[in-house]
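Q: The lines below spell out each chain.
Number of protein chains: 4
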Amino acid sequence: MYFASDNSGPVLPEVMDALAAANTGYAMPYGADPIMEEVRGKIRALFEAPEAAVYLVATGTAANSLALGTITQPFDTVFCSPVAHIEEDECNAPEFFMGGAKLTLVAGGDKMTPEALTRSIESQGNRGVHGPQRGPVSITQVTERGSVYTLDELRALCAVAKSYKLPVHLDGARFANALVKLGCTPAEMTWKAGVDVVSFGGTKNGCMGVEAVIFFDPAKAWEFELRRKRGAHLFSKHRYLSAQMNAYLTDGRWLDAARQANAACLRLTKGLEAAGAEFLHAPEANIIFATLPRAAHQRLHEGGAAYYLLEGTLDGAPDEHLPCRLVCDWSATDENIDRFVALAKG
Amino acid sequence: MYFASDNSGPVLPEVMDALAAANTGYAMPYGADPIMEEVRGKIRALFEAPEAAVYLVATGTAANSLALGTITQPFDTVFCSPVAHIEEDECNAPEFFMGGAKLTLVAGGDKMTPEALTRSIESQGNRGVHGPQRGPVSITQVTERGSVYTLDELRALCAVAKSYKLPVHLDGARFANALVKLGCTPAEMTWKAGVDVVSFGGTKNGCMGVEAVIFFDPAKAWEFELRRKRGAHLFSKHRYLSAQMNAYLTDGRWLDAARQANAACLRLTKGLEAAGAEFLHAPEANIIFATLPRAAHQRLHEGGAAYYLLEGTLDGAPDEHLPCRLVCDWSATDENIDRFVALAKG
Amino acid sequence: MYFASDNSGPVLPEVMDALAAANTGYAMPYGADPIMEEVRGKIRALFEAPEAAVYLVATGTAANSLALGTITQPFDTVFCSPVAHIEEDECNAPEFFMGGAKLTLVAGGDKMTPEALTRSIESQGNRGVHGPQRGPVSITQVTERGSVYTLDELRALCAVAKSYKLPVHLDGARFANALVKLGCTPAEMTWKAGVDVVSFGGTKNGCMGVEAVIFFDPAKAWEFELRRKRGAHLFSKHRYLSAQMNAYLTDGRWLDAARQANAACLRLTKGLEAAGAEFLHAPEANIIFATLPRAAHQRLHEGGAAYYLLEGTLDGAPDEHLPCRLVCDWSATDENIDRFVALAKG
Amino acid sequence: MYFASDNSGPVLPEVMDALAAANTGYAMPYGADPIMEEVRGKIRALFEAPEAAVYLVATGTAANSLALGTITQPFDTVFCSPVAHIEEDECNAPEFFMGGAKLTLVAGGDKMTPEALTRSIESQGNRGVHGPQRGPVSITQVTERGSVYTLDELRALCAVAKSYKLPVHLDGARFANALVKLGCTPAEMTWKAGVDVVSFGGTKNGCMGVEAVIFFDPAKAWEFELRRKRGAHLFSKHRYLSAQMNAYLTDGRWLDAARQANAACLRLTKGLEAAGAEFLHAPEANIIFATLPRAAHQRLHEGGAAYYLLEGTLDGAPDEHLPCRLVCDWSATDENIDRFVALAKG
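Residue numbers (the numbering used here), protein chains in the order written: chain A, 3 to 348; chain B, 3 to 348; chain C, 3 to 348; chain D, 3 to 348.
With the rest of the complex left out, here is chain A (with noise of 0.2 Å):
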């Protein structure tokens, strides 16, 4: 009963089959071996993008951070979300790679809305050589709030960059997830709406630590290569990376992936909805926010659930409600998933 993250999961067996079959003889290093050109083809007709330059690192955070680097100038500011993952949780990694250019936060949730977002381009880059200019505006896509936006939306946002001539970055380390919700291509999610630079991520979605790194325009492709050797993010044993890559995407695992984790998302709130929990909203992807009676929390931390209490302790009064996150992953059984209500229902 994990439902912590989708970051902690087993690795699809597809793809644990891929690194043992990839594993023989020798191949070619950092990015050149054969397998990654199966890769870069796949994504490019995956995104009907022939054009696209399409790079391999090890984490979400390297994914972002190197992208964001590389459209970035050290006197910019990013526009994203309060709660996006590149200002809550990367430890600074983005201003890292951005030679120290800062984020700007748009007012409001975990979705931007085209209002709030160009109030807060407005705001910046009106005070000549002594604020900081205008950067890229950075959208996660599910948001870390468990919503998708729409297309609709996406491309209302993506607008709004456009008419600033800013660039747009997509943060997808659930890619995945948000395409089944929308039932969209992957070029509708993301350059069909204006999206420039994608963060496509496979390690929460059954992968064992791979990202892809889409330009759509390659312009700033060797750029991107440097970039990504000088942040030690270039592996030597490349064809590992470009194995889970290559089977994720192959015969559309990526997608039954997601399609197993968004059921599981909704198989648990519709359990917990019938054990009374209250939630921010509901389940679009694979992660919702739940609000339970600590009593309810106090059972499954008996019985062993793991997850994350956003506020207050175990300790306390039992009909005290107190919120929760709740994450499935492809591997979240509807066994655990029901051991899980049960527990919540006491």
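Derived from the structure by calculation, the hints contain no laboratory data.
Be aware that one or more of the hints could be misleading.
Because identical chains cannot be distinguished in the list, a pair is counted as satisfied if it fits within a single copy or across any two copies.
Below, simulated DSS-like cross-link-like pairs (lysine-lysine); rule was C-alpha separation at most 25 Å, straight line [what the hints assert, rightly or not]:
1) Lys272 / Lys194
2) Lys222 / Lys164
3) Lys222 / Lys194
4) Lys272 / Lys347
Mind docking chains B, C and D on chain A? Use the hints.
A: Relative to the frame of chain A, chains B, C and D by itself:
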């Protein structure tokens, strides 16, 4: 016949098996996995250093850069060989992670001498606030030219550093290859000689992508953890780093792999000697620098051998001698070595 | 009629005289000049801090950025007001000098409250290695909106910082203007209240370009010196910085200049009140934020007055009210103030 | 008898007068002052470069670091002499402002040769993404050892740089001293020879603290302005930088000052020759490196002369010869020079 690098061979079967074995259920992320506990215990025992702080990262450049970044101030300079990997092959990653600190190249070849190191240290830090301040000494063992410092040589370099109160970093990308050559203990080759921080390589010697960073004094441990995260080098599914290192260190597998690589290099050297090659120096680990007539290089190239020609091209006078670098990893086979030698002989 | 900023007025005649007087023969460079000895002694005496480390730089941004860079780690975040100069008007200089550390904006107006500061500190540093770590609190006195923290307010903010063991930086670009308003001693407004490092401004109050950085605990003095040099802020002909600061601090000239500026601002405010202006708050130092009808702005503009309109333009309905910022320096004359008021009245 | 440096002498009286003259009323801050318009015009005319972007900063380190930071990527390396000021005397400021780029030291003495520069460039940039990329060539004129590159020498170095498409930076801290030695035009010594960016020194030649940075191609002008602000090197009361540079450039005062300094150095050299001194090379500008018996150094020291002894101490055998550096500024008097020579003679 791949002798271009030891970063392109396959992963040890025991390491692959360990990855598969680790791939079950949930595990705490970010280094809190139970396998990491085992790794920490094994490394502390091997190094006779029960207090040591032990961390894993996925690339050698990350290990070096983060280690140096933790013990160097941005106004310092690091003393190293002119052919050090941190100088030549890391695209300014050390400078990046050290916030713009400098490298001072100690005059001479791949092995620094105490005299040259002293002169180099003396040449810095004597301009008050105007020049860079004296920072760590970084030693590569096995060197980038395939030499192995003796314990006496290591001790002498560390003694120079200590006499200036400077910390010592050991770039041990090929730590095991040096250790089996010297036939000493890990403690003797590190803290007993005066080394403070070690980049302990796994990748080049049969792992998929894992290096340990070991601080014998744990005072900087927390700072390292923050710098690792900020460098985007903290893995969420950390158990798969742990599993590699754990298998590598089990039952002396790491030493066996190094012995295989060193022995392969010796066989290759003897064969090439018989073929009339000349060598920069006698083989000490798994790298040699040899000079062969162009005609031999041409035959090898046509025969499918892969390695780096250091000067010149394949076109030209057949009897002109051209230098090359040859590296053996654990998986080099006698058959391939002998085929290589036969082609060289012509 | 220049009320745009206190950074554009002339230099105090005593400061100019001191520069001329210093311009004879040779003087030791880089801060070893004898006048700097005098300055150090004067500042230590004024602040009742015989151990304080005292340095001079030429710009306020340098003072703030170097001070913060010295007490902040690159994985930290600094707590400051959303309108802090370090956030809005230094083009990412603090982030640059701090190696990519972040600024966390404490919700509210120009003056931070202890409650809001506590909430802000609580919101950071609770994510282990994942989020930024808690770093210094930076307080601007006089604030960027012209408010002056009372001693009790300063003490309360410092007490919050101290309860988290965080250092406190005071951006005192207008230190003298606040001091004469409060009628307290420099020690009371700084270390006795809990401030650790001060940017002590001279430029805006009648110097040519000089600010002191004062560390009450000299432990970081040498690091500051190295960071100043590395930031290219160490002057060779340092005596000309020393001479400015020395004259500024002689015979209470610095306090007289601040009193002149504050009195000018009061006269301006009273005059504009009579002209129907509305104010963000009562004048406390030498800056006010006033709202006037567009017609008044038009008359002022045509009459040659210089100041910043904060919203809107001169074109539009004459009776619409538009906000502006008005700043008085030591050299503002009654005649100019009265002309300004007369134009505003129409 | 101060011959330690040309950074410790007084300011030209014309410069002091200009500061006093500028000290009236308000002036637009941050470089928008009318005197800066004059300066820009004068520099463009002097350099026959009507499009040039011209900026002022207060220190030579700032001029060099900001210029290099603007034309260098963080993954590049800059080619310079082993005794370049940017290598030896700027405490890693260039690395800081370049975001961690490296300096590659061209083998040889203070003057780089085209052959050595070519070898140095060839040694870099040939490792693909692994090594640093080739960045600017930085030339110091007058060199740190007092030599002056001839126009042919400058042209040859620039031609090497251009053949690799690398930009050229000229560290002209002693620009005027070189120019009067060569008897050429500023254009001939810069863009006509192939220089792209110049640090044009004023401080060492009679200003208080001002250096111009001149980009002959204005494409990077705005980026430089942002980097200057972010480096905390944009002065609010900028008119006092402008006034210095303006007076310096008026009526050939800058050239006269340099002629005075060079002539003083020649007189000093001739006098010391007669006293038996030996020289590193003949005087070309205002710096010489001389070797004198210890007894002479002792007499000079007792007589109050100030200069740097480069090796050894005053204690020891009286007839041992010890090297020293001697620098003359514009204000060196014949009387002091002759007293110095007399003491050296004994």
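Q: Hint by hint, work out which the structure violates, then give me just those numbers in ascending order.
A: 1
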